[in-house]
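Enquirer: Each chain, written out:
Protein chains: 2
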Amino acid sequence: MSKPLILVSNDDGITSRGIRVLVDIMKDLGEVFVVAPDSPQSGMGHAITIGNTLRLSEEDIFKDVRAFKSSGTPADCVKLAKHYVLKERKPDLVVSGINHGSNTSISVLYSGTMSAAIEGAIEGFPSIGFSLCDYSSDADFSHTEEYVHKIAQQVLENGIPKGVALNVNFPPKRNEAMRGIKICRQARAKWQEDFEERYDPNGRKYFWLAGNFVNFDKGEDNDEWAIANNFASIVPCQYDLTAHHAISQINNDWDWEKMKD
Amino acid sequence: MSKPLILVSNDDGITSRGIRVLVDIMKDLGEVFVVAPDSPQSGMGHAITIGNTLRLSEEDIFKDVRAFKSSGTPADCVKLAKHYVLKERKPDLVVSGINHGSNTSISVLYSGTMSAAIEGAIEGFPSIGFSLCDYSSDADFSHTEEYVHKIAQQVLENGIPKGVALNVNFPPKRNEAMRGIKICRQARAKWQEDFEERYDPNGRKYFWLAGNFVNFDKGEDNDEWAIANNFASIVPCQYDLTAHHAISQINNDWDWEKMKD
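Read top to bottom, the protein sequences are chains P and S.
As numbered in the working numbering, the first sequence has no gaps in its residue numbers, which increase by one up to the final residue, 1029.
As numbered in the working numbering, the second sequence has no gaps in its residue numbers, which increase by one up to the final residue, 1029.
Since the hints were derived computationally from the structure, they do not count as laboratory data.
Copies of the same chain are indistinguishable here, so a pair counts whether it falls within one copy or spans any two.
With a Cα cut of at most 30 Å, we get these calculated DSSO-like pairs of lysine-lysine: (1) K771 <-> K831; (2) K855 <-> K771; (3) K795 <-> K771; (4) K950 <-> K930; (5) K1026 <-> K941; (6) K958 <-> K930; (7) K941 <-> K831; (8) K930 <-> K1026; (9) K973 <-> K831; (10) K958 <-> K771; (11) K771 <-> K858; (12) K973 <-> K958; (13) K855 <-> K930; (14) K930 <-> K771; (15) K855 <-> K795; (16) K1028 <-> K986; (17) K986 <-> K858; (18) K941 <-> K918; (19) K918 <-> K795; (20) K986 <-> K950; (21) K918 <-> K858; (22) K1026 <-> K795.
Using the sequences provided together with the hints, build the complete structure.
Expert: Quick look at the structure:
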């Protein structure tokens, strides 16, 4: 049997520490290709480049791994990988990360890391986004390595449902070892934003987006609970946003006679 | 009773034709504020600006309406509106669009128009994104106006379930009048991308993202079917991406003994 083909991307950029950790682990599991942004793309959500050109160039960054950097977003990178780098070959696994910072709960919507994984899922490839809930520049990834390896191996061996991408988050490294893995739902939480107002040297106002994460979720079956309790969280994510429960409600609640006037 | 407070945004930029149409309709329904990007932001998905500064300035663009343009994404605009422009006042309705181009099916993920509406829903405001499935620069919006008015009025009067944003798409103007409205699910479809390879004046390669929309969905209860059959489509969208069906499947399928090694 030939080695699995593994595509690696991220949103922190091709030179980040997190992608190096991920590439090293994936090399043990298969033949690895890297297509990642040439600069950090945090908060890019599921952006794609449609009004502008895209650059792509092969770089000698990782030992024994073909790697390409792109001017595009994480979602662009997966598209470019499929259509241009891998051409007719289909990856057995798409992995993205390891992100420097949390992508739990509502952050999945804003996450460039997860947009690469979801783009992989749209293309029908088993896909995983990995994030470490530690924003510090010297964050310790060592406790995640064994888990990243095992999760990727499970996906290669047992698969995940079609059209699903896994959102994996790890707690920051603590004195006690991680307690294991929880398969979770997305916590009900949001960012309570605030804007910091400043003035530039010309006296013109500008803003920095700032804010606090607020968790409204009282349950123990969600990703926020898992991370707070030193578990790795895995939320299976899908890209059908339909609020099915709302379809009948709107059909019943609205005044459809009035709509015909 | 005081007039409803309505926030208008979009992703084509504050000077686009679609937002003018939308502002004119909303003025009839309430007190309108506009906070919209200063330049086109199509394909921005749910991007937010976290590594860069944001500008916001009041502009005299719309008659009798306070309007602000921002250097940020559509999601940034809603955040800025809530925290900075409206301050303590909560909008009774957030509307985004009218987008120049379709946001049906999978395009909801890439849509800046819908990211503004979903950001509104995250904040707990009734929110609607409007799009016209016509990419031509001289697209005719006239057939949408009555429907936009009625849909916004229904939402103001009867509400929509909390945490839900409506994704409304209109067919291009045809000779026959629109046949009505369908409350739909998101069609199963995707973009079959291709990249056009070109060379710049210095001989360096670059790419344009191109591609065709492919509809795999055979059902008649989805947005693609509605648009193809000259109905307006309304897909209620939510921002919990959890693939709930996959949780038990992963818990059952994976080899959890191996994970403990």
